[in-house]
Every structure is written in structure tokens, then in C-alpha cells.
Amino acid sequence: MENILEINGLCKTYRDFSLKNVTFALPKGYIMGFVGQNGSGKTTTIRSVMNMTKADSGSISVFGLDSVKDSIEIKQRLGVVFDSMYLAEHLTAKQIEQQIRPFYKNWNSDDFFASLKRFSLPDDRSVGDFSKGMKMKLMIAIALAHKPELLILDEPTSGLDPVARDELLDILSDYILDENRGILFSTHITADVERIADYVTILHNGTVWFTGSKDDLTESYAVVKGDEDAIPEGLKERMIGFHSYRNGFEAMIRTEDMRSLPETLVCEKASIDEILVYIAKEAKNAGHTESDTL
Amino acid sequence: MQDILKVIRFDFLTMSSVSMGELIFVILFCMVLSMLLSPLIAVMITFCVFGFVYPLQDIAERNGFSKLYGTLPVDRRNVTRARFIYIFAAFLICELTELVIAVSSTILNLNKLIFNIDRSAERSREMLTYMHMIYDTPAVVYLAVFAVAAVCCIAEAYMEMMSQIYGRENLFRSVMIGIAALSAVIGGIYLLSSHTTLIPQFHLMQMTENYAAISVSKSVIFGAASNAAMLAVCLVFGEITTRIVSEREI
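Protein chains in written order, with the numbering used here: chain A, 1 to 294; chain B, 1 to 250.
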């Protein structure tokens with residue numbers, strides 16, 4: 001399977017945050033959900049792909065090209081949408097099209113105006129008057145107008161109402177019908193990932209916690225609840241995000257560990273949302289353990 | 001170079017919908033006054049060009065253009081360079097427009113239509129003398145056009161450089177540093193010119209006499225030199241800014 005995007009050992013350190021050895025790949029023809037808590041490093045990773053930030057080490061390859069050396073060629077073939085608008089708000093969509101058109105070799109004005117029509121966006125109104133959903137659709141119309149082979153979206157659905165979110169996900173589903181394309185979209189709304197993503201990469205505190213197919217992820221983890229005394233010996237240490245209550249406990253375990261569980265414990269398949277929550281709890285537990293040791 | 005032209009076009013389209021109407025109005029207004037009163041009035045257009053250039057960085061900051069520039073398939077260094085060439089181009093176009101107005105005004109000499117009516121009146125005599133002097137020495141007008149455009153262009157390029165490097169919030173400090181530096185230069189020239197023995201060509205009286213006797217061809221040579229200086233300063237300021245700003249992360 002050919003990868004449209006490959007990130008290998010990406011490291012980047014800021015004063016209070018660092019990306020540590022981020023490695024994952026997106027195969028051509030698929031959608032990857034890039035999930036993690038706020039501040040987990042999703043945007044920094046995307047900015048590194050866009051060569052908007054300088055990595056300390058590691059390499060990024062897009063379409064087999066180097067993200068630093070071939071950055072301009074990559075940007076010709078890639079569309080990107082960030083969570084906030086970065087266009088002149090006093091201009092109309094028509095004027096913005098005139099501004100941006102010359103930068104792209106494959107820009108197609110007909111496609112752009114067809115997208116505006118499809119998204120019900122007026123081309124003669126200042127874009128500053130648009131709602132958040134309309135702005136996001138405009139950015140996507142711009143990103144799609146030069147026929148990108150890879151679409152990167154940074155939190156495109158945050159702040160959108162359910163209808164706008166649904167429309168946006170439909171747009172992405174239509175875009176990926178061409179199997180030579182790929183989508184990487186970061187979000188902390190896991191329902192979006194569950195709906196359209198084929199692959200998932202979970203970033204936690206600047207490190208890749210999981211990367212692989214969505215099915216692998218959801219089949220690999222389960223939430224277990226019940227009486228703490230019923231936990232077989234040695235399993236508690238392998239539990240993720242263990243939390244004990246007055247009447248019992250709950251935690252996440254790997255599905256291969258389910259075999260050793262007694263029937264008294266209740267086990268359910270973990271959703272991506274739950275996986276994220278237990279990862280965060282685990283980090284919290286680890287923090288407590290460290291401070292206890294100290 | 002193509003990248004730079006694309007970014008200049010981008011900047012022009014950003015500003016044109018904000019300031020173009022007002023700028024055209026001022027150009028027409030100054031043109032009418034230049035034709036009827038004095039070609040020197042055309043020089044005022046230069047000051048309006050600030051309004052066509054200066055707000056660009058505000059708009060860029062407010063709308064997060066740095067992110068947009070980061071996504072466009074264009075070298076970031078060319079984005080910065082383009083801004084300085086845009087500044088030069090704006091003042092050059094303005095200068096050429098003013099020259100066209102000044103030349104037309106001198107050739108048509110339409111002020112005769114107004115001021116010949118009451119030539120004998122005592123109050124208008126001084127004004128008429130001034131008018132005729134200006135119309136008789138078009139080189140003075142051209143010199144003023146070139147000089148004002150050069151000073152304004154260099155001042156704008158300086159402010160652009162300082163605000164890109166140190167941020168818009170420190171612009172007041174940058175302007176004050178600029179004024180202090182300029183005052184020192186003018187003071188130095190004044191000191192030099194007050195001593196004829198040091199550099200005779202800098203002597204004030206000598207300069208004034210030379211200035212009055214200047215021909216159109218000499219003023220054009222001065223214009224070419226001042227335009228070259230404008231371009232050189234914009235390129236140098238652009239390069240300094242590029243080196244500092246392109247190292248920053250978006």
C-alpha cells in the first residue's frame with residue numbers, strides 16, 4: 001500500500017511542550033482521524049507537515065517528497081484547512097478567489113464556484129459576515145479548488161453545529177471517493193472519526209499512543225467494570241486509567257487480557273471517546289504515582 | 001520573481017477594496033486643484049498612498065495572513081520581499097501619476113481662466129506672482145514630486161521593517177528612533193552646510209541658487225536617482241526583514 005503521508009521520528013521541543021518521536025503513515029485512498037486532547041501536539045504535527053514550524057529531528061514525506069526541501073511542490077498538491085479563518089474578512093468569496101487563484105497551477109475557478117453553489121455560499125457578500133460553518137465551508141472550497149491529492153484539516157468541525165458538521169463530513173466522504181487522494185483530519189470530536197475515518201492516530205502528550213486502522217483500535221480495547229477484589233493477580237498493573245469507586249472500579253484493558261477476567265466483571269467494547277478518556281486517566285494516575293514516590 | 005508578483009497582486013487586491021475609492025477621489029480632487037491653482041498640489045497625493053500601504057499589515061495581522069502565507073505554495077522569503085516591492089511600486093506609480101498631472105497642468109495652464117479675471121486686485125497679486133513662478137519653473141514641481149515620494153517611500157519602508165521585526169505595538173518607539181536618526185542626519189547636513197570651507201557644494205546659499213536654476217532635464221536625472229535610491233532602500237530593508245522574519249515559526 002502506497003503512503004501519501006509518512007512521518008518518522010518527528011521531534012520538536014518548545015519551552016513547555018514537546019513532540020516526541022511521532023511516527024505514523026497515511027495510506028493513499030484513506031481518511032485518517034488524528035485525535036488527542038487539546039495541547040497533545042496535533043496542530044504542531046500538522047504545522048510541521050506544512051513546513052510552518054522547524055522540526056528538531058525526524059522526517060516528513062508527502063507524496064514521497066521531503067516536506068522541507070520540496071515544500072512548495074507539496075503545497076501545490078495539498079489542501080489545508082485550519083480551525084480559524086485566515087482570509088481577508090472584508091473581501092467577498094469572489095475577490096478571495098481572484099487573490100488566491102494565481103498561486104496554484106491546477107486552480108479551477110469553475111470548481112470553486114461550483115463548490116460555493118453546492119455549499120450555498122454567496123460570492124458577493126463579505127466573508128466576515130459568514131457564520132463559522134460558512135467560513136469553514138469556504139476554506140474547504142478554496143482547499144479543494146486546486147484539486148489537492150491530500151487534504152489536511154485541523155479541527156475542521158470544532159465549533160460547528162451538528163448540521164454543519166454532518167455536511168462537512170459528507171463533503172470529505174465525497175472527496176475521498178477518488179482513491180488517489182487522502183485526508184488527515186485532526187479533531188477531538190471522536191464521533192466524527194468513528195463516522196468517516198479508516199485509520200486513527202492518537203496523540204497523547206506529544207507521543208503517538210496508537211496508530212493503525214480504526215477497527216484495530218476499537219477491537220483492541222475494552223472497558224471493564226466491577227468489584228476490585230475480583231481482578232486477577234497481575235492484571236491491575238496492565239489496566240489503563242484504573243479508577244476505583246466506593247462500589248467498585250472501572251478501567252480499560254487490552255482485549256487479549258479479557259481472557260483472564262472472571263465472569264463477575266463486566267466488559268464492554270471501548271469507544272474512541274472512552275479510549276481517550278482512559279489514556280488521560282492513566283496519565284493522571286502515573287502523575288500521582290510519581291508524586292507519591294517522591 | 002513570479003512569486004513576488006503574485007504576492008504583490010494579492011496585497012493590492014487586499015487593499016484595493018478598502019482604499020481604492022478614496023484614493024481615486026483624492027487623485028481627482030488634487031488633479032482639479034492642480035489644474036486650476038498650482039501643479040504643486042499634485043504632490044499631496046503622495047501622502048494618501050500611506051493609506052493604501054500602511055493598513056496592509058494591520059489587515060494581515062487581524063486576519064491571520066501569516067497562516068495563509070504558510071499554506072500557499074510560495075517561498076516565505078518572497079512574501080516578505082514582495083511587501084517592500086509593493087511599497088516601492090505604490091509610491092512609484094503615485095509619483096508617475098503626479099508627474100502626469102503636473103505636466104498636464106503646466107501645459108494647459110488653466111489657472112489663467114480664473115486668475116486673469118481679477119489681476120489688478122491687490123490681494124491676489126502675491127498669489128498670482130507665486131502661481132506664475134511655479135508655472136514658469138516646472139522643474140521645481142518635479143523636484144518636489146520626486147523628493148516627497150522618495151522621503152515618504154523610505155519612511156513607509158522603514159516603518160514596515162520595524163513593525164514586522166518588532167511588532168506593530170512597538171511602532172511608536174520605532175518611529176521615534178527613526179525621527180531621532182533623521183534629525184541627526186539633517187542636523188549633520190546643516191552643520192556641514194554652514195561651513196563653506198568644509199564642503200562648498202553643501203553651502204545653503206549655494207544650494208538655493210542651484211535649486212532655482214535647475215533645469216527640467218536635471219530634475220529628471222534627480223528623479224531617476226531618487227527612484228533608484230527608493231528601490232535600493234526598499235530592497236535592503238526587505239532583505240533585512242526577510243532574514244529575521246523568515247527564521248520565525250508561523
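Please keep in mind that the hints were generated in silico from the structure rather than gathered at the bench.
Being a predicted model, the structure only gives us computed values, none of them experimental.
The beta-carbon is built from N, C-alpha and C at its ideal position, and this holds for glycine as well.
Just to be clear, a hint being listed does not mean it is correct.
With the C-beta cut set under 8 Å, the calculated list includes, among others, these residues of chain B facing chain A [as the list claims (entries may be wrong)]:
(1) Leu13
(2) Glu61
(3) Phe65
(4) Pro73
(5) Ala228
Straight line, CA to CA, 25 Å or less: simulated DSS-like cross-link-like pairs of lysine-lysine [stated by the list, open to error]:
(6) Lys94(A) - Lys67(B)
(7) Lys67(B) - Lys132(A)
(8) Lys67(B) - Lys147(A)
(9) Lys67(B) - Lys135(A)
(10) Lys132(A) - Lys147(A)
Evaluated hints:
1. Restraint check, Leu13(B) versus chain A: the minimum CB separation of about 5 Å is within 8 Å; hint holds.
2. For the restraint placing Glu61(B) at the interface with chain A, the shortest Cβ-Cβ distance is roughly 11 Å, beyond the 8 Å limit, so the hint is violated.
3. Proximity of Phe65(B) to chain A holds as hinted, the smallest CB-CB distance being about 6 Å (cut-off 8 Å).
4. This hint holds: Pro73(B) has a C-beta 4 Å from the nearest C-beta of chain A, less than the 8 Å allowed.
5. The interface hint given for Ala228(B) is violated, since its Cβ lies 29 Å from the closest Cβ of chain A, which is over the 8 Å cut-off.
6. A C-alpha spacing of about 20 Å is found between Lys94(A) and Lys67(B), which places the hinted pair at or below 25 Å, so the restraint holds.
7. A hinted pair counts as satisfied when its Cα atoms are at most 25 Å apart, and Lys67(B) with Lys132(A) qualifies at roughly 18 Å.
8. This hinted pair checks out: Lys67(B) and Lys147(A) have alpha carbons roughly 20 Å apart, not beyond 25 Å.
9. This hinted pair checks out: Lys67(B) and Lys135(A) have alpha carbons roughly 15 Å apart, not beyond 25 Å.
10. For a cut-off of 25 Å, the pair hint linking Lys132(A) to Lys147(A) stands: about 24 Å separates their Cα positions.
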